[in-house]
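Number of protein chains: 2
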Amino acid sequence: MALKKQSFAADLPEAKRLLLERVLSCADANIEPSLHRLFRFLRIPSVSCDPLCSPQCQEAASWLATELEDIGFDASVRQTTGHPVVVAHRKQVIGPHVLFYGHYDVQPVEPLDKWDADPFDPQLKVHPNGDTQIVARGASDDKGQLLTFVEACRAWKTVTGGLPISVSMFFEGEEESGSPSMDEFLNQAGGELRADIMLLCDTYLWNDAVPAITVMFRGLLEEEVEITCAKRDLHSGAYGNAARNPIQVLAELIGSLRGQGGEVAIEGFYDDVKEPGEELKSELKKLHFDADKFLQTVGLSQSAGDRAYSVLEQVWTRPSCEINGIAGGYHGEGLKTIIPSKAHAKISFRLVPGQDPEKIQAKFHEHIRARMPADCSVKVTGLGSSKASVVPSNSEYLRCARAALKDEWNCESVLIGSGGSIPIVSVMQSRFGLNALPIGFARSDNRHHSPNEKYDLSSFHKGIRSWIRILARLSSGESTSSEL
Amino acid sequence: MALKKQSFAADLPEAKRLLLERVLSCADANIEPSLHRLFRFLRIPSVSCDPLCSPQCQEAASWLATELEDIGFDASVRQTTGHPVVVAHRKQVIGPHVLFYGHYDVQPVEPLDKWDADPFDPQLKVHPNGDTQIVARGASDDKGQLLTFVEACRAWKTVTGGLPISVSMFFEGEEESGSPSMDEFLNQAGGELRADIMLLCDTYLWNDAVPAITVMFRGLLEEEVEITCAKRDLHSGAYGNAARNPIQVLAELIGSLRGQGGEVAIEGFYDDVKEPGEELKSELKKLHFDADKFLQTVGLSQSAGDRAYSVLEQVWTRPSCEINGIAGGYHGEGLKTIIPSKAHAKISFRLVPGQDPEKIQAKFHEHIRARMPADCSVKVTGLGSSKASVVPSNSEYLRCARAALKDEWNCESVLIGSGGSIPIVSVMQSRFGLNALPIGFARSDNRHHSPNEKYDLSSFHKGIRSWIRILARLSSGESTSSEL
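Sequence lines, in order, name chains A and B. Everything in the first sequence is counted per the working numbering, starting at 801 for the first residue and increasing by one. Everything in the second sequence is counted per the working numbering, starting at 801 for the first residue and increasing by one.
Simulated from the structure, these hints should not be mistaken for laboratory data. Just so you know, not all the hints are guaranteed correct.
Below, in silico cross-link-like pairs of lysine-lysine (BS3-like), each with a Cα-Cα straight-line distance of 30 Å or less [to be verified]:
#, chain 1, residue 1, chain 2, residue 2
1, A, Lys1031, A, Lys816
2, B, Lys914, A, Lys1031
3, B, Lys1031, A, Lys1093
4, B, Lys1031, A, Lys914
5, B, Lys1031, A, Lys925
6, B, Lys957, B, Lys816
7, B, Lys1031, A, Lys1085
8, A, Lys1031, B, Lys925
9, B, Lys1142, A, Lys914
10, B, Lys1262, B, Lys1085
11, A, Lys925, A, Lys1093
12, A, Lys1031, B, Lys1085
Modelling step: build the complete structure from the supplied sequences, incorporating the hints.
In structure tokens, the structure reads:
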């Protein structure tokens, strides 16, 4: 099966165009009910890493399946060893078959006191400039984004009674927790998820006006390091100087992870890094990325990374090591003069093509072992890993999507990278040779993983419209090619 | 006024001795009611550093005042700008006048999950070897210890209707929080606290069989350091490498505080340190301190401090820098891939004679300033400080106390140091020239400031008996010298 080039280059036939206009109008007219459904979805606190939230993850999966059945999908909740997966199909005889991927789970909400309102009581915040934002945990990552596709299907169904091409959907509930059950689930149900292309929406616009297709993702290795010295907390007067302090040991370890120039200082860390190709490098240069603005937006003025690389390279094409959390001893009100028994940190690595998570993990462990003084025991717990991935930047599906995006946004879309990780992209690529087409409508200021996460109402609305157009473009060849 | 040497060298006169035996027997016969009172005291969660515990601090002070009135003291609760102080007097026409100091406040109980039972529901734990332990927050530090003196006075009162010498008592409620209201209180009420000698009980036995008088204390400087980088938490994928990570910065700062040899690496930190005198050094050598056992008891095998000094010197006569707590980013279940906005640590310094807390603070702040990279703001908050102090090791009061301790324990007491800080000792010395006589009955395994804090029933009982004897010894000169 191959998409014929000419089916994308020409404008749509008049009948198709009129039908498309009706579907878009339907979505416009129904934006309030769409928003109402999103709010219902956001009220479910499906924090996948919190064992107490298991029932809520189940609830989110069931809610999604019901919504999909409502628009004609054959949808079901599949139990896994972790949180359930939702799988849904609505197949056509002709046209390409797309698999849409998303995740219904969300990040934890801590620090709760930094939120202006309950993270699970979504608010519509209207700004003086007229922008309207949906504020809630998951508003953007990924509930709001995934619903853009579901609502696009709903509009097609409302107007035409069906969908223009075959669509399957696949929603997991462990994306924010390293997807521990994914492998086992794919072993059992993987064949069912085969398709021509995987669409996903867990990515960003380039800016408010320019849509983007994300063609590379960094991988992730996340480790928890716990250092134990004395067998109990000690009085810092009685033992101060003599007793090894695990916070001191952990701090020295963390200090050793970065060199003076900002580079990661683990031996052999960069050994297998594959630099991006020249074509992609030149695409990235065309972006005229404003590094100063990127940093200034979050209150920073200088990059902390390896000075031999641009800021865009640092966050997209260079691997990283970050301390995501640290805790040890007393950190409540006032003082408590102890030498604690334990200290721990969550340390993660963003990986780039060529780097193998297992090899990096081994090098990290060796780095730790070489630095432990006497009387320290160290426990390192793996919290998940995934390889980096690259999306082909020259496929017919991609050209098709770019044409649709141009129709909606009135400008050319751009190809970008992502410093973040969407593990499913590399997993589906290596398992089924299934390439991804990641098109997201989140803005860079959406505060993913942070307090007051938000999704702009315009992202939600134009996201729905964009998917309606992409589905139309993907189906537009059906009159000229039975293979499409 | 001077104590005549011979009044201590000779045994007590027969009448005094018989009276003393009756007082000791009274204490023995009433150990259960004494314990009952201690339990009542321990049930009050008077955590001074927790603003929510203010009413409980007030309650502990009131309870103490009532107990003291019950044994004939003129006792009152004095309000301060912080937690109240209890002052009580019962004066005689002749004999020396002692001021007993203690504190009714306790350390926080975190980590609560490490306690075998509610920290404020005291338990009597009988061990297979017959030892009985009182387990609760404050059991030893300082509620159990201070009650040994109160109960000793009660026994004297029960048998004789009065006390053998003039006694004042002074209990504060902010010892575990750096005594922020102490200065102001002493300015107002200080004259009332003048006495010939200050007794205190917030110290340790040398070992289970050998009592000790503590003749030196380290001072304390406690600082809270907060580092802020970006103005909000960031997604570690989107910003990893480029955004300055405050945990990394804090870790590098902490790493810089100790040198390779275990010494504190702040410039000029040791400049003003006064080494202890030769006489005291030789007293310390006589102790035959078992450094290996000291470390092994808490699961350690090697000292982490400056190798140029013995372990005993490291914890008693050398200054120290300890990280008491650290926190930043996410440290709950699972993972959260953020670069946090802030990280903070509680860092304290144990100081020795010669070191001025203000000077050390200035050097520490300069050390921090010199190490802050771009885009970091640092806030350092002082949480309290006190100078080190030394107790004269050749006073008549000390000889008197040693004689009494020998009577009770059947062995010579020893002179020791303390790595901890009892700020009141240096304060009363510098304000009123009032020397201290610190005699405590805690064991080194009492888990002060830690979960499952305990006080041995034998410490409590023999502590009461020791104070009964010390009061007798201090009064024993009254028949031969009206000045005593």
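Status of each hint after checking the structure:
At roughly 73 Å between alpha-carbon atoms, A:Lys1031 and A:Lys816 are farther apart than 30 Å, so this suggested pair is violated. Restraint check for B:Lys914 and A:Lys1031: satisfied, since their Cα atoms lie roughly 12 Å apart, inside the 30 Å limit. Annotation: proposed proximity of B:Lys1031 to A:Lys1093 holds, straight-line Cα distance about 14 Å (limit 30 Å). With a CA separation close to 12 Å, the supplied pair B:Lys1031 and A:Lys914 stays within the 30 Å bound.
Taken as a hint, the B:Lys1031 and A:Lys925 pair is honoured in the structure, with Cα atoms around 21 Å apart against an allowance of 30 Å. Restraint check for B:Lys957 and B:Lys816: the C-alpha separation of about 15 Å stays at or below 30 Å, so the hint holds. Of the supplied pair hints, the one linking B:Lys1031 and A:Lys1085 holds, its CA atoms being roughly 28 Å apart against a limit of 30 Å. Between A:Lys1031 and B:Lys925 the alpha-carbon distance is near 21 Å, which keeps this suggested pair within the 30 Å criterion.
For the proposed pair B:Lys1142 and A:Lys914, the alpha carbon gap of about 12 Å is at most 30 Å, so the pair holds. Between B:Lys1262 and B:Lys1085 the alpha-carbon distance is near 27 Å, which keeps this suggested pair within the 30 Å criterion. Among the hinted pairs, A:Lys925 with A:Lys1093 is consistent with the structure: their alpha-carbon atoms are about 25 Å apart, no more than 30 Å. With a C-alpha separation of about 28 Å, the suggested pair A:Lys1031 and B:Lys1085 falls inside the 30 Å cut-off, and the hint holds.
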